[in-house]
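Peer 1: Spelled out from the first residue to the last, the chains are:
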Amino acid sequence: MNAPKYKRLPGRGRTLAGTSRLYLGEDHILVVQTVGYSESYKRFFFADIQAIVVRKTAMGMVWNGVWGAIALLFTLIAIAVNDTVGSSVFGSIASLFLLSLIINAFIGPMCTCHVRTAVQTERLTAISRMSTARKVLDRIRPFITAAQGEMPREQLGADFDQSQGIGSAPIVAAPPVAG
Amino acid sequence: MSVLVCTKCFTPLPSRVVNLPEPTPCPGCQALLRTEVFPAFFRDTQRGSAGELALQEGQATCFYHPQKTAHVPCDACGRFICALCDVELHGEHLCPSCVEAGRRKGKIVTLENKRTLFDSIALSLSLLPILAWPITIVTAPGAIIFSIMTWKKPGSLAPRTKARFIFAIIISTLTLIGWGAAAYGIFSAFKRTR
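Those protein sequences? They're chains V and G, same order as listed.
The opening residue of the first sequence carries number 114 in this note's numbering; numbering runs sequentially from there.
The opening residue of the second sequence carries number 131 in this note's numbering; numbering runs sequentially from there.
In short, the hints are calculated from the structure, not lab data.
Quick reminder that beta carbons are idealized off the backbone N, C-alpha and C, glycines included.
Do not rely on the hints blindly, as some may be mistaken.
[Claimed, not checked] With a cut-off of at most 30 Å between alpha-carbon atoms, the simulated DSBU-like pairs for lysine-lysine come out as follows:
1) V:Lys155 x G:Lys138
2) V:Lys120 x G:Lys235
3) G:Lys237 x V:Lys118
4) V:Lys118 x G:Lys292
5) G:Lys235 x V:Lys248
6) G:Lys237 x V:Lys248
7) G:Lys282 x V:Lys155
8) V:Lys118 x G:Lys235
9) V:Lys248 x G:Lys244
10) G:Lys321 x V:Lys120
11) V:Lys155 x G:Lys283
12) V:Lys118 x G:Lys138
13) G:Lys244 x V:Lys118
14) G:Lys235 x V:Lys155
15) G:Lys283 x V:Lys118
16) V:Lys155 x G:Lys237
17) G:Lys244 x V:Lys155
18) V:Lys155 x G:Lys321
19) V:Lys118 x G:Lys321
[Stated by the list, open to error] For each label pair, taking beta carbons as the anchor points, the in silico distance ranges come out as:
20) V:Leu189 x G:Cys159: 54 to 64 Å
21) G:Arg173 x V:Ile220: 28 to 38 Å
22) G:Ser179 x V:Leu250: 52 to 62 Å
23) V:Pro255 x G:Gly158: 25 to 35 Å
24) G:Gln186 x V:Ala231: 30 to 40 Å
25) G:Gly158 x V:Gln275: 47 to 57 Å
Looking at chain G on its own, in the form it has when it is part of the complex:
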């Protein structure tokens, strides 16, 4: 168990300053601290099991470590795995390769640590080129196609609506209508002059 310290002066905090309703001065630097300690602080960190060695011939062994006894079958692929290879996740026992495959394919949401915000990209693609408006003839249809293509792709883990996609499509459509009107106007003017 490591020591809980003041985040300013790193003085170990005594019990008289923790779990109080109001901030209390740190005994080292007098900075006002509000410290909440929970029972996990007193819990020892459990060591992971290395897996037992298979002693009898014919005993089921781990797929990845043939010298170790099988502990459980992987819930995803069914391979026998030892205690060392067993990754327990949401009540399921998975082997390391299934965990890695799940993380790579984005099937295990709790292992994801990064996502791309496609809706924000679509909105920027429809809005920012307006500053250099001639390029909107390319970016406006691009933003519509991008929005449609990435509509169903997983976005932010945080609650978020499809509003950015909708705005991107509306703005790009209006831009294209503007281009169409301009083209029609130029074409009409050209016809009149002839």
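Same shape as in the complex, but just chain V:
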């Protein structure tokens, strides 16, 4: 059998266990987890994906706070030091953290992303930014639609709520046709 061809999807996640990346295959998404000198693979076939849930988290704000606090600390030290060399050294360190703050703020809020199939709900650690999640969803949605067909709008109303065990939304009767 020929080796499948993959295209890189945006996003790269780093955890204590290693790095994680996503690739787009012909009929599936390949999740590549690299630990040391070996890679492990998980495949999510487009025909099997039931839902993708992206949740915005506050981690982006936390990192902004961390970088901002460290930058402020080094700026204060740079001001307090009565030495040109010392001030410029601490000022440079402060500017590095300020740059990290600006980059973190620029690439946007962080998130978690879970993909759900009939038998599992798996977190995609490669997707950690809302902007990345949007790009990945935009890339894979046409493939999922091609594999599963369009989502009938009416199924997303009462049918969905019923399957979720939520009281079905009030059904608005069609207005009577005059004549």
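Starting from the structure of chain V, add chain G where the hints point.
Peer 2: Below, chain G without anything else, positioned relative to chain V:
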């Protein structure tokens, strides 16, 4: 069909928060969610067939379950298999032992779930010993031999060039040239002193 929940508070999500272009607050925890639901969500999971029992004498039966009717022949080994043993993979019908053999030998790529990155090992073998440079006299030729031996072995499933192997060979060759130059220098100095 199981329930689709918020990944933070596990509240079942109502239809008004799914398939919207912008993130919407979860009704339980107010976390902003962007949820995409696809038609597979409404599809019932199909139960696998257990295979029919052979009722007539002389009827073709499964190689692994002689009491069950043959469903299809295995596309790899030709053995008759019942519906229970039939593994359909990329349009082929395979028996469990052929699937296992294919997975073990790495012939069925879609069943592989782990691979070793030989190119990264070769690069590390050529670079890391430089920190303890005397051992490079052993590791440099080792890295070249390892690169050549594993050059054709299957590497990452993800797109990847042979650049790491090439760098490993170049760095190891330069290391060996360095060792050669040092040996020549020491030998020349020794000859001059005599």
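Peer 1: Are any of the numbered hints broken by this structure? If so, which, sorted upward?
Peer 2: Result: hints 5, 6, 10, 12, 18, 19, 20, 22 and 25 break, sorted rising.
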